[in-house]
Amino acid sequence: MADDKWTDCVNNLKGVILDMCGVLYDSGEGGGFPIEGSVEAVKRLKASDLQVRFCTNETQATREKFVAKLRRMGFEIDITEVFSPAPAVVAVLKERGLRPHLLVHDDVVPEFDSVDKNNPNCVVIGDAADYFSYQNMNAAFRVLIGLKKPVLFSMGRGRYYKETDGLKLDVGVYMKALEYACDLEAEVVGKPAPMFFEGVLTDMGIQPHEVIMIGDDLMNDVGGAQQCGMKGLQVRTGKYRPSDERHPTVTADGYVDNLAGAVDAILKHCGQ
Amino acid sequence: MTSRRALKTVLIDLSGTLHIEDTAVPGAQEALARLRHAPVSVKFVTNTTKECKRTLLERLRRLRFNIEEHEIFTSLTAARNLLEQKMVRPLLLVEDSALEDFMGIETNNPNAVVIGLAPDHFNYQMLNKAFRLILEGAPLIAIHKARYYKRKDGLALGPGPFVNGLEYATDTQAIVVGKPEKTFFLEALRDLNCSPEEAVMIGDDARDDVGGAQNTGMLGILVKTGKYRAGDEGKINPSPHLTCDSFPEAVNYILQHLLEAK
Chain V
1 MADDKWTDCV
11 NNLKGVILDM
21 CGVLYDSGEG
31 GGFPIEGSVE
41 AVKRLKASDL
51 QVRFCTNETQ
61 ATREKFVAKL
71 RRMGFEIDIT
81 EVFSPAPAVV
91 AVLKERGLRP
101 HLLVHDDVVP
111 EFDSVDKNNP
121 NCVVIGDAAD
131 YFSYQNMNAA
141 FRVLIGLKKP
151 VLFSMGRGRY
161 YKETDGLKLD
171 VGVYMKALEY
181 ACDLEAEVVG
191 KPAPMFFEGV
201 LTDMGIQPHE
211 VIMIGDDLMN
221 DVGGAQQCGM
231 KGLQVRTGKY
241 RPSDERHPTV
251 TADGYVDNLA
261 GAVDAILKHC
271 GQ
Chain L
1001 MTSRRALKTV
1011 LIDLSGTLHI
1021 EDTAVPGAQE
1031 ALARLRHAPV
1041 SVKFVTNTTK
1051 ECKRTLLERL
1061 RRLRFNIEEH
1071 EIFTSLTAAR
1081 NLLEQKMVRP
1091 LLLVEDSALE
1101 DFMGIETNNP
1111 NAVVIGLAPD
1121 HFNYQMLNKA
1131 FRLILEGAPL
1141 IAIHKARYYK
1151 RKDGLALGPG
1161 PFVNGLEYAT
1171 DTQAIVVGKP
1181 EKTFFLEALR
1191 DLNCSPEEAV
1201 MIGDDARDDV
1211 GGAQNTGMLG
1221 ILVKTGKYRA
1231 GDEGKINPSP
1241 HLTCDSFPEA
1251 VNYILQHLLE
1261 AK
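In order, the protein sequence lines correspond to chains V and L.
Under my numbering, residues 1 to 272 are what the first sequence spells out, in order.
Under my numbering, residues 1001 to 1262 are what the second sequence spells out, in order.
One should not assume that every hint holds.
[Unchecked claim] Keeping only pairs whose Cα atoms sit at most 27 Å apart, straight-line, the calculated BS3-like set for lysine-lysine is:
#	chain 1	residue 1	chain 2	residue 2
1	V	K148	L	K1235
2	L	K1182	L	K1050
3	V	K43	V	K69
4	V	K149	L	K1235
5	L	K1145	V	K148
6	L	K1182	L	K1235
7	L	K1145	L	K1043
8	L	K1145	V	K149
9	L	K1129	V	K162
10	V	K14	V	K46
11	L	K1150	V	K149
12	V	K148	L	K1227
13	V	K148	L	K1152
14	V	K149	L	K1152
15	L	K1150	V	K148
16	L	K1182	L	K1043
17	L	K1224	L	K1043
No wet-lab data here; the hints were simulated from the structure.
Just so we're clear, the structure is a prediction, and the values are computed from it rather than from any experiment.
Same shape as in the complex, but just chain V:
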């Protein structure tokens, strides 16, 4: 697109944070497919002087399996560059001595191997997809309603995401359901929680205004990054919908057709 006025906002750019699903690839049956030009775009970014990190709310697999899947698609990604909610929530649980009841996808359960889950005193909810049955929701609800001080951790608060066969409800919807049922507010771990983004910034060792976040989720990627003082770019892939560009409260610093287009413009502007 011609409207790359947004590149003015990337002066002094030192780092880029990429969302994964909907930016790098579209998920779906058999794991999904890379978005055209994204494999190449990541390669070019990593060859530049910019620092690159990946920030996902993916909780349908362990970080190891998830990264292996992306490498099979051709992405040059190292596990140490990837930030996801499960390891973050495990750290919080240990710090606060909490024992979780898990309402998560079976494939992410190994991330919680080191955590005591007996006699639970909190609930952790992730993108459980088909595991979001009435029975499983009810089991989580009963744990919460039975606690004196119910604590609910939600790994992300997304509304929906796109798979190859259509849009699917994300964890935020089920988080809202439990919040409403128990009259509580969940603690979100993952995007858009500032703590999550700050962890990534600390790892990069640079200031928020030197970083741009690129994502397909207006609220969680763009809005979340802007809240932390970063710039936020929305790609018109993945879950993007045209109405996002007229959103009443969140406006991206720029909108680009896809990751390849964003990387072209960034590298050109940075003179690389």
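Use these hints to put chain L onto chain V, whose structure you have.
Okay, now just chain L, sitting in the frame of chain V:
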């Protein structure tokens, strides 16, 4: 009371007011008979997501209440009326036992979503389907938004949490059709040629029965049977027009105080 017009209609809640499970409130059948001798219309209004009118009627007749099917107005009827008004085809997330009340409604190629209490339908696939319809513009119609209810094996999630989740997913507001919504009470009166100022509601739920009716402009009478807990009358503002022990007492009050001064 000076601004009120003469009483024309008495709305009566069912469960907790006329009966508790399979037992009638003592004296309720006889009180209803006395009320029917007065020059007022009577209608029975209830929030239900799983019992069709026929099931409700069969239970009431077993308990020897003199009631006609057309006098019963439920949240399912309200949902049906709304579907007919909007001329839409619903995806019905209600239990099979409630489907009878939607007989004759076209459901192929749906362009609306109706949510009751339907544990069997609250799975990921079905909610995704509902979500996509709403995103395409289908109205989300909720029978009611109760957070949870009591089952024999403990507490269980009601429809409210799932409605709330879909509202969040789609950035829309559900149309709630049951008590305590104003439209519910207005719909109940629609075929009676009666304004809310000419009606009184009797029920055991301070918020849903009495509060809802009074917000619509009716008088509300709270009975201390069913789910009533001490102090409930203080939980709504304005407080109930009257709080009394049970349905027969409410009828006595209506006959003595709301019908005489014409």
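Tested hints:
1. A threshold of 27 Å between alpha carbons decides the hint, and for K148 (chain V) with K1235 (chain L) the separation of about 24 Å falls inside it, so the pair holds.
2. The suggested pairing of K1182 (chain L) with K1050 (chain L) holds, with an alpha-carbon distance near 22 Å, which does not exceed 27 Å.
3. At most 27 Å may separate the alpha-carbon atoms for a hinted pair to count; K43 (chain V) and K69 (chain V) meet this at roughly 17 Å.
4. For the suggested pair K149 (chain V) and K1235 (chain L), the alpha carbons sit about 25 Å apart, so the restraint of at most 27 Å is met.
5. For the suggested pair K1145 (chain L) and K148 (chain V), the alpha carbons sit about 24 Å apart, so the restraint of at most 27 Å is met.
6. A C-alpha spacing of about 19 Å is found between K1182 (chain L) and K1235 (chain L), which places the hinted pair at or below 27 Å, so the restraint holds.
7. Using a Cα cut-off of 27 Å, the hinted pair K1145 (chain L) and K1043 (chain L) holds, with the two alpha carbons roughly 23 Å apart.
8. Proposed proximity of K1145 (chain L) and K149 (chain V) is supported: the alpha carbons are some 24 Å apart, at most 27 Å.
9. A distance of roughly 13 Å separates the Cα atoms of K1129 (chain L) and K162 (chain V); the hinted pair therefore holds under the 27 Å criterion.
10. With a C-alpha separation of about 12 Å, the suggested pair K14 (chain V) and K46 (chain V) falls inside the 27 Å cut-off, and the hint holds.
11. For the suggested pair K1150 (chain L) and K149 (chain V), the alpha carbons sit about 21 Å apart, so the restraint of at most 27 Å is met.
12. Taking the CA atoms of K148 (chain V) and K1227 (chain L), the gap is about 24 Å. The hint holds against a cut of 27 Å.
13. Distance hint between K148 (chain V) and K1152 (chain L) is fulfilled; the C-alpha atoms sit about 22 Å from each other, no more than 27 Å.
14. A threshold of 27 Å between alpha carbons decides the hint, and for K149 (chain V) with K1152 (chain L) the separation of about 25 Å falls inside it, so the pair holds.
15. Only pairs whose Cα atoms come within 27 Å are accepted, and K1150 (chain L) paired with K148 (chain V) is accepted, the gap being roughly 19 Å.
16. Taken as a hint, the K1182 (chain L) and K1043 (chain L) pair is honoured in the structure, with Cα atoms around 16 Å apart against an allowance of 27 Å.
17. For the hint linking K1224 (chain L) to K1043 (chain L), the alpha-carbon distance of about 20 Å falls within 27 Å, and the restraint holds.
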